[in-house]
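Chains as they are written, first to last, in the UniProt record's numbering: chain G, 1 to 428; chain A, 1 to 277; chain U, 1 to 307.
In case anyone wonders, no lab produced these hints; they're calculated from the structure. This one's a predicted model, so the numbers in the text were calculated from it and none came from an experiment. We put the CB at the ideal spot given by N, CA and C, even for glycine. Careful, some of the hints might be misleading.
[Said to hold, decoys possible] On the chain A side, residues computed to face chain U include the following (Cβ under 10 Å):
id : residue
1  : 5
2  : 9
3  : 14
4  : 17
5  : 58
6  : 68
7  : 71
8  : 110
9  : 114
10 : 122
11 : 145
12 : 256
[What the hints assert, rightly or not] Calculated cross-link-like contacts (lysine to aspartate or glutamate; reagent style EDC-like; alpha-carbon spacing at most 20 Å):
id : chain 1 : residue 1 : chain 2 : residue 2
13 : G       : 56        : A       : 222
14 : G       : 41        : A       : 222
15 : U       : 224       : A       : 163
16 : G       : 230       : U       : 161
For reference, the chains in residue letters:
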Amino acid sequence: MRKLLFLATMILVAALSAASANAEQKEVTVWSWFVQSTMEKSIAAFEKAHPDVKVKYTYYNYSPEYITALKAAAASGSLPDVIGLQPGSLTQQYRENLEAVNDRAAKQWGDNWAEKIFPVNRKQMLMGNPKGDENYYIIPQESQVLCIWYNRKIFEKLNLSAPKTYDELKAAAKALTDNGYIPMFQGAADGWQNENVFLMLANQFSPGIVDKAQAGETPWTAPELVAAMKAWKGLFDDGIFQQGALGAHAYPTGAQLFAQGKVGMMALGSWWMQESKFPPPLSEFVQNMDGFDFFYLPPVKDGNPASPPVGGIDIGYGLTKNGGKNPEAWTFLAELTSGVGLQEALNDLNDLPAFEGYSPKGDITDHVKELSARFMADLPKAENQRFASPAVAEALDNALAGVAAGSIEPEAALATVQVATEKALAVK
Amino acid sequence: MMPAARIKIRSMVIHAVLFIVLGFWMIPQIYMLSIGLRTPAQAFDAKLFTWPVTFDNFIIVIRDNPLGAIFLNSLIITVATVVIVVAVSSLFAFACAILRLKGSIFLYTTLLTTLMVPLASMVLPLAILLQNFGWVNTYIGLILPYAALGVPFAMVILKSFMEDAPHELFEAARVDGCNAWQTYWHVALPLVRPALVFVTIWQFIVTWNEFFLALIVLTKSEMKTLTIVPMQYSGLYMANPGALFAILTLIALPLILLYVLVQRAFVRGLLAGAVKG
Amino acid sequence: MRAGSAIAAVKRRSASRASRLYLFVLPATLLFVVFIAYPILWVAGQSLYVGTSAGAVFAGLANYTTVLGDPTFWTVVRNMFLWGVFTIPVQMLIGGVLAYFIERHTHALRGFFRTMFFLPVVTSVSVISLVWVQIYAPYYGIAQEYLKHVGIVMATSPIGDPKSAIYALIIVNIWQWTGFSMLMYIAGIANLPTEVLDAARIDGAKGWRLAVHVIVPMLAPATKSLLLLGVIGTLQTFPIVHLMTGGGPNRASEVFGTFIFKQSFVLGDTGSGAALSVIVLVIALALSLIQIAVLGARLTPAGRQRP
Chain G
1 MRKLLFLATM ILVAALSAAS ANAEQKEVTV WSWFVQSTME KSIAAFEKAH PDVKVKYTYY
61 NYSPEYITAL KAAAASGSLP DVIGLQPGSL TQQYRENLEA VNDRAAKQWG DNWAEKIFPV
121 NRKQMLMGNP KGDENYYIIP QESQVLCIWY NRKIFEKLNL SAPKTYDELK AAAKALTDNG
181 YIPMFQGAAD GWQNENVFLM LANQFSPGIV DKAQAGETPW TAPELVAAMK AWKGLFDDGI
241 FQQGALGAHA YPTGAQLFAQ GKVGMMALGS WWMQESKFPP PLSEFVQNMD GFDFFYLPPV
301 KDGNPASPPV GGIDIGYGLT KNGGKNPEAW TFLAELTSGV GLQEALNDLN DLPAFEGYSP
361 KGDITDHVKE LSARFMADLP KAENQRFASP AVAEALDNAL AGVAAGSIEP EAALATVQVA
421 TEKALAVK
Chain A
1 MMPAARIKIR SMVIHAVLFI VLGFWMIPQI YMLSIGLRTP AQAFDAKLFT WPVTFDNFII
61 VIRDNPLGAI FLNSLIITVA TVVIVVAVSS LFAFACAILR LKGSIFLYTT LLTTLMVPLA
121 SMVLPLAILL QNFGWVNTYI GLILPYAALG VPFAMVILKS FMEDAPHELF EAARVDGCNA
181 WQTYWHVALP LVRPALVFVT IWQFIVTWNE FFLALIVLTK SEMKTLTIVP MQYSGLYMAN
241 PGALFAILTL IALPLILLYV LVQRAFVRGL LAGAVKG
Chain U
1 MRAGSAIAAV KRRSASRASR LYLFVLPATL LFVVFIAYPI LWVAGQSLYV GTSAGAVFAG
61 LANYTTVLGD PTFWTVVRNM FLWGVFTIPV QMLIGGVLAY FIERHTHALR GFFRTMFFLP
121 VVTSVSVISL VWVQIYAPYY GIAQEYLKHV GIVMATSPIG DPKSAIYALI IVNIWQWTGF
181 SMLMYIAGIA NLPTEVLDAA RIDGAKGWRL AVHVIVPMLA PATKSLLLLG VIGTLQTFPI
241 VHLMTGGGPN RASEVFGTFI FKQSFVLGDT GSGAALSVIV LVIALALSLI QIAVLGARLT
301 PAGRQRP
């Protein structure tokens, strides 16, 4: 016991002395959920261009780690200089802790800087701002386009092609299932993956309708949305999604299975290309993305078009009030979103740029270049994928899960989303 | 049948049943290890074992990650917390059970209640508190809250053990002219040694595995503890599930090994308690 | 004469000495006031406000009525009840039976069994969650693969069905913590006074009768500790649920931990998260008062029967 007490005292002394030692020089602190290995490359490129600044990056898993750490740091005033953000609800939650970046951006990139950003991104940057607040609190780094990826090697083997109609999709799913593959992997335990597929469906019935619904301009119970919700249920009932999807996670399980060639299709987005740059050992399918290609969800009802591209900002960064006092923080943010930092992220095929005039460089195959070019061509016409209010997104997540599980009817489920939307709009 | 033979057969049957139950019980752990030993192509075979096995995953994750430093962080924080909890809670239990100080039972009830408040509720105010103390990213900022949260349970256990201890010994200590401190040190602590060992093990496990508070207090990469790490790798090794499970196995290993070691000390503590009790 | 009153007699002789005795409770009290009482008061304060930190408005009990009117709250109450009612007794039963056979019928392999059954307890819960999601999964999970051979066909993932999700999580929780119940009972059995067992044996008690009529009652302290611990563990449930189902599908497996987390961190509604915390605190207070009233009274006499 005596020995233990002595040991404890020693450790306490050591701990306290370690705490007091923090040397101060030009340093920028950054938190995000952005892939660590890619961020390290971006930071290395930045530090090479700005040798007097040191960037300290802390990686967090998105939930619960990142959102917990952010909230706690915001409550105690200890946010880092730069934080990774999603547009809409996440940005709005921390708006009071963030600097408006309009002036800094205009000084950095010229007065018409915002025009270099793709329209869907620009709209998302303002999403959820109070009426009259035209300030930007987030600078987008990367964009994304949602799509259905498919394993073209398996498709070739089974004599299938990318489906153009719902019947073809059903037939493909059946052929895949019959041959022991998972037809379309849906990590339906994750709200975001369900939202993404629902957005593809809803925009097929009426482009932009989810945006109108979340702004209170169209009720969630509108016939188009009800039809989309029924089509959503159909994806489960018609065997498009794998059995037991509601208990499955898109990451890491779904993505791993897909990469290993056990899955025919999966609703992901342009960010999936980054898999081809991951460290070995990669499966034969992921090698240079050889095994993969993408399509947009075919019409789920006669008369519908195929789903339009849906997407927007993958990730953006905000300058905190703390970071506002640190001149180097903005310098880093600028380089990360449109500069040497962004270029490194693109070279890793992390996702598409948010600013015009960038494209991935380095060791990239023609197939990947072609994929990337198709996404870039679709990005300017993409429909918005984000939600302004976390409560609305959460209500939609629950509605989608409830309908999929058969525990609530589509109309009733959408009515709950409507209630949440009205409540969220009333608070503002 | 000879009684000796019957006993032998019964013992064999009991051992066989225990082994079968254990076999089922260990499936998740074996599965974890087994996936860690698979190539990417085998990773999702719906089998408990696959052949051949590969150690590449373990080599990759050990080579690429600074597990040593992270391990050390966990160790420092856990050991310090355990020592504080054992010291503070045994003092308190002694005051409640033996000294019967006025008001100590009220404090006891209060502490018991707060044991049940979900940690998610406490995260925000603790973050503000630690920021005001300047304790973010320090070991002490994690050790003291952990200790505060650990004391109530340890104290409940120690108090009931002290109440159950033979009172003649405390009486004897009084006759010998021991003061309260001496009675605590020379009589009470040795008497409840099995409980102390038990509390130590429990606190060690709880502290080692906690991740909610660690998340908000340790915001610098180099300060992180082992439990915060597993989920991070689910992104990094997306294309290689084997590596993910290899690192999960490595993270689970230190505590398992440690437990195998202290298991012996635990038994010794129990035997000592039995002799004296 | 009880030891407590013996010391108390010493204590009464000197007032200055008595006040010095309060040094024994000082460290625990300090830790409690700073790191537990203050945060709880802060949370209680927050529960009366709506809005974000900068623009918070006093709202009285509005957060409480909102929370209590939310059907999810009652799902959570039901789930917590199920959680406690299933995990606590089942863990005690399996743990107790294992402890009995390991302690009384094994010798050379005793340490081995004790260690192996305890391993899930020391394995980090994030690791456990990832492994069990994999086990439960259709197509590539081992549960459906092996259960097929004994005639059980899992059409879907048990954590993906709102009806079964909470039970599937309870199974994981039982699996993880049974080793702990076993350990508590092992400690109890190893500490049984041999004189009592010998006396019972002379009276003719053997096998099951010895186990049920002599050993079980004498393990009451361990059982009570496990009960207390089980209640605490139930109210504290968070990581398993968060990592495996996130409280879904459609909130079917939500527990207090995930509910509070969702309100305060995902939705950014600190006020109703705080109100929920206070409600949990009140439930906890009621439960601990019940425990002290029902179990606390018997704690000393039932602890050890001295021959």
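Enumerated hints in conflict with the structure, sorted upward: 1, 2, 5, 6, 7
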